[in-house]
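Asks: The residues making up each chain are set out below.
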Amino acid sequence: MEMKMEEYAIIDDYLCIKMPGEVDHHGAATIRECADQLILDDKVKNIVFDFENTTFMDSSGLGIIIGRYRKISCFGGKVYAINASERIGRLLRASGMSSIIEILT
Amino acid sequence: MENENGTRRRKQFVENDICIEFDAVSENEGLARVVIAAFISRADPTLDELEDVKTAVSEAVTNAIIHGYREQGGRVVMRAHLTEENELSVEIIDRGVGIADVAQAMQPLYTSAAENERSGMGFSFMEAFMDRLEVESSIGEGTVVHMWKSFGAEEELMPILQAAVWNSSGRV
Chain C
68 MEMKMEEYAI IDDYLCIKMP GEVDHHGAAT IRECADQLIL DDKVKNIVFD
118 FENTTFMDSS GLGIIIGRYR KISCFGGKVY AINASERIGR LLRASGMSSI
168 IEILT
Chain Z
179 MENENGTRRR KQFVENDICI EFDAVSENEG LARVVIAAFI SRADPTLDEL
229 EDVKTAVSEA VTNAIIHGYR EQGGRVVMRA HLTEENELSV EIIDRGVGIA
279 DVAQAMQPLY TSAAENERSG MGFSFMEAFM DRLEVESSIG EGTVVHMWKS
329 FGAEEELMPI LQAAVWNSSG RV
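Residue numbers (this note's numbering), protein chains in the order written: chain C, 68 to 172; chain Z, 179 to 350.
Honestly, the hints are just simulated from the structure, not real lab data.
Model, not experiment: these values are computed from the prediction.
Ideal Cβ placement from N, Cα and C applies to all residues, glycine included.
Honestly, I wouldn't trust all of these hints.
Claimed, not checked - Stretch by stretch, here's where chain Z covers chain C in the computed footprint (C-beta under 8 Å, at least three residues):
#1 97-107
#2 125-134
Stated by the list, open to error - The following residues of chain C were derived to be distant from chain Z, with all beta-carbon distances above 10 Å:
#3 Val115
#4 Ile139
#5 Lys145
#6 Ile149
#7 Ile170
Model the full structure from these sequences, guided by the hints.
Replies: Structure follows, in structure tokens:
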């Protein structure tokens with residue numbers, strides 16, 4: 068499992084994940100495994116997906132978000148998306164993600 | 179370019195056709211996106227149209243890998259055709275397990291791979307980002323996903339995706 072430490076950070080009770088340039092099924096498994104392992108950390112309550120580097124995302128990205136949301140929402144955690152480009156932001160909103168995550172611009 | 183009476187002649191697009199076959203491994207999802215992007219670059223797509231086609235192809239190829247071949251490997255064929263009228267036709271073909279109920283599979287948010295965290299939005303994305311989508315499948319023989327898109331149309335695509343998703347139960 069390739070986990071680059073600079074892509075994941077725990078700040079207070081937020082797990083911050085720097086999403087890769089292309090978010091697809093190929094990259095999803097790694098993100099899922101790394102995030103889920105870090106979510107086991109007692110400190111982690113909320114998740115922030117940072118899309119600053121993301122130029123492409125298909126429905127696999129939504130699966131990652133929904134999966135992590137399910138994991139932490141039962142403990143009262145919240146999921147955020149930050150630094151999304153115009154297109155990625157539109158994709159998140161149009162597919163209904165704003166009903167479960169907060170998209171911050 | 180100008181005609182005799184001073185009107186601008188429409189840019190003539192060249193008909194083109196490709197067919198590539200590749201292993202059904204997730205590495206090739208990105209490959210398929212790059213190939214289709216290169217193929218349609220001569221059609222002068224807008225940035226949004228380019229991203230739309232890449233996304234739709236990514237979804238179809240991913241489906242072939244995950245569902246068609248259940249991630250056990252196989253071969254995926256991508257055929258693409260551009261007409262002189264600048265219409266793109268793409269076929270993603272697998273010889274995998276096939277879909278028992280295509281109508282059910284195409285329902286927004288339906289997935290047969292929930293344990294894999296599949297969102298069930300693959301077909302919705304394809305329908306939203308392409309003009310037309312047809313799926314043919316036979317159990318035990320495979321699946322053909324056929325999509326069309328004309329470049330230069332003024333449509334607003336995101337609302338289509340929104341409608342496709344919200345017309346379902348809306349549950350997440």
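Asks: Report the numbers of all earlier hints that the structure fails to satisfy, in ascending order.
Replies: 1
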